[in-house]
Amino acid sequence: MSATTLTQGLRIRDRMPYAWDPVTLGIAAALFLVGLIMVTSASMSIAGRDYGNPFYFLERQFVYGFLGIGFAWVVSQLPTRLWERYSSVLLLAGLAVLLLVLIPGIGAKINGSRRWLRLGPGSFQVSELARVLIVNWVCGYCVRKRAELEETLRGIAKPIAVIGVASILLLAEPDFGATTVLFVTGLAVLFVAGARLRYVLLLLAVGTAALAVLALTSAYRVKRLTVFLHPWNDPFNSGFQLTQSLIAFGRGSLFGVGLGNSVQKLFYLPEAHTDFVFAVLAEELGLVGVFGVIALFVALVWRAVVISRMAARAGLPFQAYLALSFGVWVGLQAAINMGVDMGVLPTKGLTLPLISYGRSSLLVTLAWIGVLLRIHHEVKCASRAAVLRPAGGER
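Counted the way the working numbering counts, the sequence shown spans residues 1 to 395.
By construction, these hints were calculated from the structure, which means they are not laboratory data.
Worth double-checking, as some hints may not be accurate.
As the list claims (entries may be wrong) - Here are the simulated DSS-like cross-link-like pairs (lysine-lysine), alpha carbons at most 30 Å apart as the crow flies:
1. Lys348 - Lys109
2. Lys158 - Lys145
3. Lys348 - Lys158
4. Lys145 - Lys380
All values derive from a computational prediction rather than experimental measurement.
Produce the complete structure using the sequences and hints provided.
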């Protein structure tokens, strides 16, 4: 192909309109709207009692939602090559904020955990952003060290060491749930990038054993595991939260008790608008509503995987790994949150992406959707440019 033809192809590509992905936009919008409705329903009683305004949490969720949409738009305009080029700098930034939050006076301690940085009148949960920056570095590493990753244990040990350092900082907060999501997402990307299965299984076994040891050597975590297995042994104390969640699911039946008619949200179910909003949804919308929300998350994960495959076929490996990591992350976190609410998993303190009330989670999730939209756009541009190139040049 001649230089003139290539230059013309690039100019044509630059003039292409932005290739928005209506499927991703539609799914994300549906989840966000469901979240606004359920946060409103689940929080009106507590907001009216504590703040004198039943729409206190709705107003803030609405504001942060549109702020997150603004972030998503900005991120969608940034070329993903910038994320790859500065992945090491962003990794250091992610580790730095995880370290900063542990420093007394800088990190805010809430409910026994030091997970938030004070930012003026508000706070930000740094693990939400740090996990994205660390996974972004892992994706870049998979492109730079592809041959080493495919052939040697050392190739996979390097990114696992970085994830291990981040996991130690997360466990110091403590944030066991975020650690689990980060570790599994990182392993999934490394496996898809070409790491040998036996090495992945070995590291998965080691990681699982380490997490089990950490859980069993901490009286606090052992207590939470015991409560999860037998919540009805102490339904009015340590098992109160889980038993109230299970009651909500039981009351929901097939079609629910009706939107706004939940009883469990009336000061029975703690954290009804955050970690346990899915239980309120199950009570008010029933099994049909539960299946509907699960279907939306499955669709979002499926779309991320489809975009990942499109990027791989277009010769964009970094973008393919990044899209895949989003799918794994959002699917895993949603599954854990739902599992906790249904009593299938021990309490982790993870929000339900786009649905739970949580400013940090909402901002980061929407921004990451902006990255997914950008990857879709770049894939479409690459495909169109590939079609245009042979038109007037040499093969």
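Check: CA of lysine 348 to CA of lysine 109, is that 30 Å or under?
Finding: Cα-Cα ~17 Å, so holds.
Next item on the list: Could you grab the alpha-carbon distance between lysine 158 and lysine 145 and see if it respects the 30 Å cut-off?
Entry: Since the Cα atoms of lysine 158 and lysine 145 sit roughly 10 Å apart, the hinted pair holds (cutoff 30 Å).
Check: When you check the alpha-carbon spacing of lysine 145 and lysine 380, does it fall within 30 Å?
Finding: The hint holds at about 26 Å.
Checklist line | Holds or violated: lysine 348 to lysine 158, with C-alpha atoms at most 30 Å apart | finding: With Cα atoms ~27 Å apart, lysine 348 and lysine 158 stay inside 30 Å; holds.
Figure legend: structure checked against the earlier numbered hints; every hint is met.
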